[in-house]
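Number of protein chains: 2
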Amino acid sequence: MNPNDTWAVGVDLGGTKVEVARVDSAGRLHQRLRRPTNVKEGPKAVEREIVNLANELQKLAGSPPIGVGIGLAGQIDPREGVVIFAPNLHWHNVPFQSDLKQALKLPIVITNDVRAVAWGEWLHGAGKGCDDLVCLFVGTGIGGGVVSGGRMLTGCSNTAGELGHITIDINGPPCTCGQRGCLEALAGGWAIEKVAQEAVALDPPAGALLTKLAGGTPDGITAKTVAEGARKGDLLSLRLFERTTQALIAGCVSIVNAFNPCRLILGGGVIEGLPELVEQIDQGVRRRALSAATKSLQVLPAKLGNNAGVVGAATLALQTFKNEDHPEV
Amino acid sequence: MNPNDTWAVGVDLGGTKVEVARVDSAGRLHQRLRRPTNVKEGPKAVEREIVNLANELQKLAGSPPIGVGIGLAGQIDPREGVVIFAPNLHWHNVPFQSDLKQALKLPIVITNDVRAVAWGEWLHGAGKGCDDLVCLFVGTGIGGGVVSGGRMLTGCSNTAGELGHITIDINGPPCTCGQRGCLEALAGGWAIEKVAQEAVALDPPAGALLTKLAGGTPDGITAKTVAEGARKGDLLSLRLFERTTQALIAGCVSIVNAFNPCRLILGGGVIEGLPELVEQIDQGVRRRALSAATKSLQVLPAKLGNNAGVVGAATLALQTFKNEDHPEV
Numbered sequence: 000m001n002p003n004d005t006w007a008v009g010v011d012l013g014g015t016k017v018e019v020a021r022v023d024s025a026g027r028l029h030q031r032l033r034r035p036t037n038v039k040e041g042p043k044a045v046e047r048e049i050v051n052l053a054n055e056l057q058k059l060a061g062s063p064p065i066g067v068g069i070g071l072a073g074q075i076d077p078r079e080g081v082v083i084f085a086p087n088l089h090w091h092n093v094p095f096q097s098d099l100k101q102a103l104k105l106p107i108v109i110t111n112d113v114r115a116v117a118w119g120e121w122l123h124g125a126g127k128g129c130d131d132l133v134c135l136f137v138g139t140g141i142g143g144g145v146v147s148g149g150r151m152l153t154g155c156s157n158t159a160g161e162l163g164h165i166t167i168d169i170n171g172p173p174c175t176c177g178q179r180g181c182l183e184a185l186a187g188g189w190a191i192e193k194v195a196q197e198a199v200a201l202d203p204p205a206g207a208l209l210t211k212l213a214g215g216t217p218d219g220i221t222a223k224t225v226a227e228g229a230r231k232g233d234l235l236s237l238r239l240f241e242r243t244t245q246a247l248i249a250g251c252v253s254i255v256n257a258f259n260p261c262r263l264i265l266g267g268g269v270i271e272g273l274p275e276l277v278e279q280i281d282q283g284v285r286r287r288a289l290s291a292a293t294k295s296l297q298v299l300p301a302k303l304g305n306n307a308g309v310v311g312a313a314t315l316a317l318q319t320f321k322n323e324d325h326p327e328v
Numbered sequence: 000m001n002p003n004d005t006w007a008v009g010v011d012l013g014g015t016k017v018e019v020a021r022v023d024s025a026g027r028l029h030q031r032l033r034r035p036t037n038v039k040e041g042p043k044a045v046e047r048e049i050v051n052l053a054n055e056l057q058k059l060a061g062s063p064p065i066g067v068g069i070g071l072a073g074q075i076d077p078r079e080g081v082v083i084f085a086p087n088l089h090w091h092n093v094p095f096q097s098d099l100k101q102a103l104k105l106p107i108v109i110t111n112d113v114r115a116v117a118w119g120e121w122l123h124g125a126g127k128g129c130d131d132l133v134c135l136f137v138g139t140g141i142g143g144g145v146v147s148g149g150r151m152l153t154g155c156s157n158t159a160g161e162l163g164h165i166t167i168d169i170n171g172p173p174c175t176c177g178q179r180g181c182l183e184a185l186a187g188g189w190a191i192e193k194v195a196q197e198a199v200a201l202d203p204p205a206g207a208l209l210t211k212l213a214g215g216t217p218d219g220i221t222a223k224t225v226a227e228g229a230r231k232g233d234l235l236s237l238r239l240f241e242r243t244t245q246a247l248i249a250g251c252v253s254i255v256n257a258f259n260p261c262r263l264i265l266g267g268g269v270i271e272g273l274p275e276l277v278e279q280i281d282q283g284v285r286r287r288a289l290s291a292a293t294k295s296l297q298v299l300p301a302k303l304g305n306n307a308g309v310v311g312a313a314t315l316a317l318q319t320f321k322n323e324d325h326p327e328v
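Protein sequence lines, in the order shown, are assigned to chains A and B.
If you read the first sequence in numbering that gives the first Met the number 0, its first letter stands for residue 0, the second for the next number, and so on.
If you read the second sequence in numbering that gives the first Met the number 0, its first letter stands for residue 0, the second for the next number, and so on.
A few of these clues could be false.
Since copy identity is lost for identical chains, a pair holds within one copy or between any two.
[Said to hold, decoys possible] No farther apart than 20 Å at their CA atoms in a straight line, the calculated lysine to any residue pairs in the SDA-like style are these: (1) Lys100 to Ile83; (2) Lys231 to Pro203; (3) Lys104 to His91; (4) Lys39 to Thr15.
In case anyone wonders, no lab produced these hints; they're calculated from the structure.
So here's chain A without its partners, still in its complex pose (with noise of 0.2 Å):
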C-alpha cells in the first residue's frame, strides 16, 4: 500500500478476543493482529491494549489512518460514544470514544458490532454498490442492519435493525428479550441448541448421531452440531433444521415486506453451518412475500466472513472520517 492511502483501523471487540486490522478505503485488509480480551481488569485495560494494537498497526503502516472504528455487542449512544450496556464485556456507562480519544489522539467511532458487519457487506461485501439492503446475520442470537435509500437506518435511539426480536409466532417459545415467539427464539443458534438438547433427551435413540457428535454427551450438542447432523442426512438434525429453516422463511417474509430491500444478505454461523439455508430461503420468500416487493430482490450470502467485523469497522470510520480534513482529535 502506498503511506498516502487513506486507511483506518477496525476494532471488531468481543468478550473473548480483540482484533484490530489495518484496513484501505477499498475494503483491503493488510494486517490484522487478535490478542484475548482483558475483560476482568476493565475497560482501562482494554483501552490500553487497543492502544498498542493500532500504534503497532500505524507503525507497520508508516501513516497513520484516518481514525478508529469500533464494533462491538452492546448498546452504544451514537452522539458521544458511550457504551451504554455491553453484556460480554460486563460494561455499563463506558464513555470508551472519549476515552480511547485522548489516548490515542485519533478521531474515533463506535457501533455495534451487527451494524458494523453490515457496514462491511455494504460497502465492500455482498451489499456493493446496493442502496437498498438488508443484513440478516443468525448466529447464537440473531441481529440486522439494513440499508435503505443509501443510508444505514439508526433509528431514534440507535436500536434499528433488532431482526431478532421481530415476533413470528405469538404463541412460540420464550425468548431471551421476555417476548413470546421472536424470529431468534426459534432460529437463533441458542434456541437450535435448547431444542435440540430437548428432543434428544425425550429421545435418546433418535437422537444417537447427534450425541456421538457432541462427543457422546447430549448436554455438548450445538446448533453446529445439528448442521453437522443434517449434513450427514441424521432424521433428527433435518427436522430441527426444517423448523429453524421455516421460522427464518416467515422472518425473512417480514423484512422483506416491512423494508422492500433489493438484496437480503445472509450471514452468521447458523447460515455458514448449512449454506444451502440460503437458497430455501430464497425460495420460501419468493413464494411468500408480496410478489410486488420480491420483483427485484435477491438473497444472497454474505461476503466477508471473519473479516466482516474489522473490515466493517474500520469502513464506518473511512465513511465518518473521509470528509473531515481536520478532525478534531
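Go by the hints and put chain B onto chain A.
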C-alpha cells in the same frame, strides 16, 4: 389565503369517490371537492374529473398550484408515475402521471394512498417535527409508512412499509396475500369481520347483541359492529377485540424493534372505532419490545382523520416540487 402563497392540489382517489383539495404549504386545507369515481368508464373519465376539479380549485384560489399529488390504493412505479395495479379502480399499467400532466400542464406526483397519509401525518399531523416515525393504519387492510432519519422509506420497488404483511403467527389464519398469520389476517377490519361472523354462527346466543347491532343479520356484522359491541361491554365483542389487541401489540413490537421509531402513529378505521387501542398498544409495546428501543418512543393516534388523504397527497406534491422554479411540465 394570499394568492401568492404556495399551494398544491391533493387528490385522494378511491374506488367509490375522488376527493380533491387545495392545501397550502402549512398543511392547511382550504377547499375540498368530492365526486363519485367513474370506475366503469376507465382512466380517461377519472382523468377528466380530476382536471375539472383541479381547475375549479385553481379558479377559487386565484393562483395556480405548484403541482398535483395523488394518492391511490395500488402499486405505483414512482419513476414514471405508472399505476402498475390498482384493484379498486381495475387499472393495470396506466401511465396516469404523464396523461394527467399533459391534460393539466402541471407537475404531477403519484403515490400509494397509505404513503400519502403518512406524508400528511409526518409533516402536518402527529408526526410533526419528528425524523423517525412509523405510521400504522389499521382499516379494512393494514398498511404503513416509515420515516427514518428524516426520509420516507420507499425501498427497492417502492413497496417499503407493507406492515400489514409482517408474519406474527407462523401457524395463523390465511391472509389475502396468500401467506399465513400476517398482522392483517389477525387485526385488519376484514379479519375481525370474518372471525366475528364465524363466532356468531357458532354461538348465536353469544352473538345476539352483535346480530342486533348489525340490523338482525349476522352477515351484516363488520369490524365497526364489533367496536360498537365492545363499547357497550358485550362479552363476545370484547373477546374478539382482545385478540385484535394482542395481534396489534405483537405487530407493533416487531415494528418498534425493527425500525426503532421515536413515534408510532396509529390510525385507520379500526383504531378510530376503538380509540383506547392506542393506550393498550402503548402499554403492551413498552412491556414487550426491547427497552433500548422504547426509551424515546411515543405511541400516538393519527391526527388528520378524514383529511389525511388529500393533505398527504398535496404535502408530497409541495415537497416534491418546492425547489423546482420552472418545473418541466
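Verification of the supplied hints:
1. Lys100 to Ile83: For Lys100 and Ile83, the Cα distance is within 20 Å only inside one copy (18 Å; across copies 53 Å).
2. Lys231 to Pro203: For Lys231 and Pro203, only the intra-copy Cα distance (18 Å) is at most 20 Å; the inter-copy one is 55 Å.
3. Lys104 to His91: neither (24 Å within a copy, 61 Å between copies)
4. Lys39 to Thr15: within (11 Å within a copy, 68 Å between copies)
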